[in-house]
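Take the sequences, apply the hints, and build the full model.
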Amino acid sequence: MDSAIKDRRDSVYIEAQYHPLYKELTDGAEAPFEYMKDVFMTALLLGYRLGKPKPLEKRHMIFKISAFNPSVDLPILRAVALGPSGDISALTSENRTLTLAEEYANAGFAALRAEVLDRPGLTVNNLILLLQRLSEGEPSASEVATTADS
Amino acid sequence: MKIDNLRLINFRQYYGEQAIRFAPDGPRNVTVINGNNGAGKTSLFLALNWCLYGDKAIDTPIGELTNKRALFEAAPNVEVQTQVQLRFRHKAMRYVATRTLVQYKVDSSSWKALGKSDFVLLRVKSGGAAEQVANPEAVIETLLPSNVRSYFFFDGEKIERFSSPGHETDVKEAIRNVLQIEVLERAKEHLDVVAKEYQKELKAQATGKLQEVLVEEERTRSTLDQAKIKLSGLLDEERAAKRLLQELEERLVDVKAVSDSVELRHDLEEQQKAREAEYEQLQIQLRGEVSRGYVVLAGRVCDQAIELLDQKRKRGQIPSGVREVLIRDLLTSRQCICGRDVAPHSRAEAELQSLLERAVSSELEDFVSQLTSSLVAVNGQAGRFPVDLRNRLEACRKTEGELERLHDQIERISEKLKDSPLEQVVGLERRRQEEAQKREQLVGDTAVTRDRIERLQQELKGLEDRRETVKQQERKSEAIYAKYQLARKAADKVESIFEDFASSMRRAIQTEARTIFQSLISKATQFSDIRLTDDYRLEVLDRWGYAARLEMSAGERQVLSLSFIAGMAKISGMESPLVMDTPFGRLYSVHRENIVEHLPDLTGQLALFVQDEELHGAARRKLEPRIGVEYSLEFDHATGCTRIVEVTQ
Numbered sequence: 001m002d003s004a005i006k007d008r009r010d011s012v013y014i015e016a017q018y019h020p021l022y023k024e025l026t027d028g029a030e031a032p033f034e035y036m037k038d039v040f041m042t043a044l045l046l047g048y049r050l051g052k053p054k055p056l057e058k059r060h061m062i063f064k065i066s067a068f069n070p071s072v073d074l075p076i077l078r079a080v081a082l083g084p085s086g087d088i089s090a091l092t093s094e095n096r097t098l099t100l101a102e103e104y105a106n107a108g109f110a111a112l113r114a115e116v117l118d119r120p121g122l123t124v125n126n127l128i129l130l131l132q133r134l135s136e137g138e139p140s141a142s143e144v145a146t147t148a149d150s
Numbered sequence: 001m002k003i004d005n006l007r008l009i010n011f012r013q014y015y016g017e018q019a020i021r022f023a024p025d026g027p028r029n030v031t032v033i034n035g036n037n038g039a040g041k042t043s044l045f046l047a048l049n050w051c052l053y054g055d056k057a058i059d060t061p062i063g064e065l066t067n068k069r070a071l072f073e074a075a076p077n078v079e080v081q082t083q084v085q086l087r088f089r090h091k092a093m094r095y096v097a098t099r100t101l102v103q104y105k106v107d108s109s110s111w112k113a114l115g116k117s118d119f120v121l122l123r124v125k126s127g128g129a130a131e132q133v134a135n136p137e138a139v140i141e142t143l144l145p146s147n148v149r150s151y152f153f154f155d156g157e158k159i160e161r162f163s164s165p166g167h168e169t170d171v172k173e174a175i176r177n178v179l180q181i182e183v184l185e186r187a188k189e190h191l192d193v194v195a196k197e198y199q200k201e202l203k204a205q206a207t208g209k210l211q212e213v214l215v216e217e218e219r220t221r222s223t224l225d226q227a228k229i230k231l232s233g234l235l236d237e238e239r240a241a242k243r244l245l246q247e248l249e250e251r252l253v254d255v256k257a258v259s260d261s262v263e264l265r266h267d268l269e270e271q272q273k274a275r276e277a278e279y280e281q282l283q284i285q286l287r288g289e290v291s292r293g294y295v296v297l298a299g300r301v302c303d304q305a306i307e308l309l310d311q312k313r314k315r316g317q318i319p320s321g322v323r324e325v326l327i328r329d330l331l332t333s334r335q336c337i338c339g340r341d342v343a344p345h346s347r348a349e350a351e352l353q354s355l356l357e358r359a360v361s362s363e364l365e366d367f368v369s370q371l372t373s374s375l376v377a378v379n380g381q382a383g384r385f386p387v388d389l390r391n392r393l394e395a396c397r398k399t400e401g402e403l404e405r406l407h408d409q410i411e412r413i414s415e416k417l418k419d420s421p422l423e424q425v426v427g428l429e430r431r432r433q434e435e436a437q438k439r440e441q442l443v444g445d446t447a448v449t450r451d452r453i454e455r456l457q458q459e460l461k462g463l464e465d466r467r468e469t470v471k472q473q474e475r476k477s478e479a480i481y482a483k484y485q486l487a488r489k490a491a492d493k494v495e496s497i498f499e500d501f502a503s504s505m506r507r508a509i510q511t512e513a514r515t516i517f518q519s520l521i522s523k524a525t526q527f528s529d530i531r532l533t534d535d536y537r538l539e540v541l542d543r544w545g546y547a548a549r550l551e552m553s554a555g556e557r558q559v560l561s562l563s564f565i566a567g568m569a570k571i572s573g574m575e576s577p578l579v580m581d582t583p584f585g586r587l588y589s590v591h592r593e594n595i596v597e598h599l600p601d602l603t604g605q606l607a608l609f610v611q612d613e614e615l616h617g618a619a620r621r622k623l624e625p626r627i628g629v630e631y632s633l634e635f636d637h638a639t640g641c642t643r644i645v646e647v648t649q
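Here the protein sequences come in this chain order: A and B. Position 37 (the first sequence) corresponds to 37 in the numbering used here; numbering is contiguous. Position 278 (the second sequence) corresponds to 278 in the numbering used here; numbering is contiguous.
Some hints could be false.
With a Cα cut of at most 20 Å, we get these calculated SDA-like pairs of lysine to any residue [to be verified]: (1) B/LYS398 with A/VAL124; (2) A/LYS6 with B/GLU173; (3) A/LYS23 with B/LEU456; (4) B/LYS314 with A/ASP87; (5) B/LYS172 with B/ARG243; (6) A/LYS6 with B/ASP366; (7) A/LYS23 with B/ARG455; (8) A/LYS52 with B/LYS172; (9) B/LYS314 with A/ASP27.
Cβ pair distances, simulated, as ranges [to be verified]: (10) A/LEU117 with B/GLU478: 58 to 64 Å; (11) B/ARG507 with A/ILE65: 41 to 47 Å; (12) B/GLU218 with A/ASP27: 24 to 30 Å.
Hints were generated in silico from the structure; no laboratory data involved. In this text the structure is predicted, and so the values were computed from the model without any measurement. Cβ coordinates follow ideal geometry from the N, Cα and C atoms, glycine included.
If you want it as structure tokens, here you go:
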């Protein structure tokens, strides 16, 4: 299956200014996330809901591609790359897939920060509430964006 | 070391020349020396130590080593020789160690030693020829170091200190010395000193950025060392507080009126610990699930992708109907499947090229089909997430409730004890609560200090990396820098080896000592097992698995200590006879019988200095088949001297 993929890459990047926050979300037993990769995927999916990818201004390498779970994360990344257009050729370029993922994650990180870090209370509880809310109510992308902006 | 023979000349109450041969290793490896108090058992013991280690091994003034009768009989200014000679074997070599002290009589009531004692060590070859060994004291130190001799030549009644509370330092010291762990410790310290010296020199030579980094590194390392010392102190205090808490608890249990409540509280506290461990596990699992909870946000994008791919399939775009491989084959062979030629730049060729552009490779087709099934699986996982999360949160809440309930029950018992009509109970409980608070504070401080140490170590790592980078830019001081790096890495490596080695040795000694203890202790006793803890406490466990040192009798502690010493000797591989002075004084008959039955098997040679009434009855009968040589020390009250008489069997 992997022989179909071209333009390979080995690293994933985030906006440099967000790196300290990624660390805050993963450091210590009280942190809500175990791995940087999990922060990235959550931000990516929040960003996809907003619908507007945001290019990186200053790149910072955050983890290697091997950190992704091949049976969960990679299919999600490819589904995002396929996007509304359904262009199958987008799936064959790893660089294109990852770049798009990085831009969605960049866009979604502000929402993640607002929901988890900037709310009062334990960050893990804030994350649980966010996931429960989104899985049960599934608000629209604009509703999530409004929460992020408030 | 296996002792063949001990010869004394005018040593303490042994007038003239007298000798003892020791039973060799084998089925009859026990030497018994009988003597009442004052007969000269301790002097024989001293003779052994003095011969090998000189004046530092004994606390008797030199002048009193020489037999008084020999001094009395000597004319003025005539030399009187005091000598102890030990013949022994070590790893197929035979040795003769002789220590001699010469004194001369000044007048009828005083005498003077001619210098210090003289020590000669000969190596005897087969055939009888002997060569003197250079540096005899150093050689003896390698055969049986002076700092471990007290674990092989010892007073049976004093060894119980290893199993007495508060003697963890003695136990740790014994293990360090017998297993020569101190060699590693010294290596570690020495390398650390060397690394620091090189660092100073480097700092003096370095300029600019490198010097800044070195200064900061030195400062951080010094702060780290201080933090480690602080941590060690806190851990010692914590251990002492824990011991004191245990003792207070045991004293409370002893008060009949409240023992049930105290034991109930103990049980509740054990349950609380178990629930806390469970809760911690649940929290870890919860965190893992929540961290991966983003799958629940992937529903929309997965559904969208599945829908798109399905539509493409229905439209015949996947598979495309046009196989890439086939088209390429046709272009290469320049012939269509209908048989028509495909000439270069012809219309047929152009048609085939355009088909190629539309073709989807077979790998991509497989890739797309697998993607669909993966996305379906992701959706399945997303569907299960809310239920799994709810269940996990419910389990956490339930455990929290149980913990609260246990906490309340424990508090109620503690309050009841504080309000007890018995003053003793009130005092003990108050003290216990103070100590518990103090310990909690210490646990907190320890955690903070550990965290600080971790951060300092990370800081140090960062500085080391920076130093490397800066060094790349500075060409000077390369030789010093290389030496510094080598010393630093070696010191760090030895430290980690030391920790691992000390830990594995402790565990090996525990296993060995346990086997020996179970063979020596009376079966009727309530003690089932022993333990050598991480902080070098020698503990015995009762049949319920609780530490029970305080209930042990002196005799039982002696058995415990003996098990530890024998275990340690076995693990160290150090070959030495066990020489015990008054081994059975405080032991009751069952222990005595167990020891005489098993002890000869724990060592190559065993020498027992016993009082007449120590070894009799069943114990005597059990030991008989193992006795190789036996002596009696006969003290003559008229002369004040002792004669060594062999007891023939």
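Each hint tested on the structure:
Restraint check: the Cα-Cα separation between B/LYS398 and A/VAL124 comes to about 19 Å, which is no more than 20 Å; the hinted pair holds. With a C-alpha separation of about 65 Å, the suggested pair A/LYS6 and B/GLU173 falls outside the 20 Å cut-off, and the hint is violated. As the CA atoms of A/LYS23 and B/LEU456 are separated by approximately 18 Å, the hinted pair is consistent with the 20 Å bound. For the hint linking B/LYS314 to A/ASP87, the alpha-carbon distance of about 16 Å falls within 20 Å, and the restraint holds.
Distance restraint check for B/LYS172 and B/ARG243: the Cα-Cα separation of roughly 17 Å lies within the 20 Å cut-off, and the hinted pair is therefore satisfied. A hinted pair counts as satisfied when its Cα atoms are at most 20 Å apart, and A/LYS6 with B/ASP366 qualifies at roughly 15 Å. For the suggested pair A/LYS23 and B/ARG455, the alpha carbons sit about 15 Å apart, so the restraint of at most 20 Å is met. Note on A/LYS52 and B/LYS172: the hinted pairing is violated, with a Cα-Cα distance of about 66 Å set against a maximum of 20 Å.
For the proposed pair B/LYS314 and A/ASP27, the alpha carbon gap of about 48 Å is over 20 Å, so the pair is violated. Remark: the range hint 58 to 64 Å for A/LEU117 to B/GLU478 is contradicted by a beta-carbon distance near 47 Å. Roughly 42 Å separates the CB atoms of B/ARG507 and A/ILE65, a value that falls within the hinted 41 to 47 Å. Checked against the hint of 24 to 30 Å, the C-beta distance between B/GLU218 and A/ASP27 comes to roughly 28 Å, which is consistent with it.
Hint compliance for this structure: hints 2, 8, 9, 10 are broken, all remaining hints hold.
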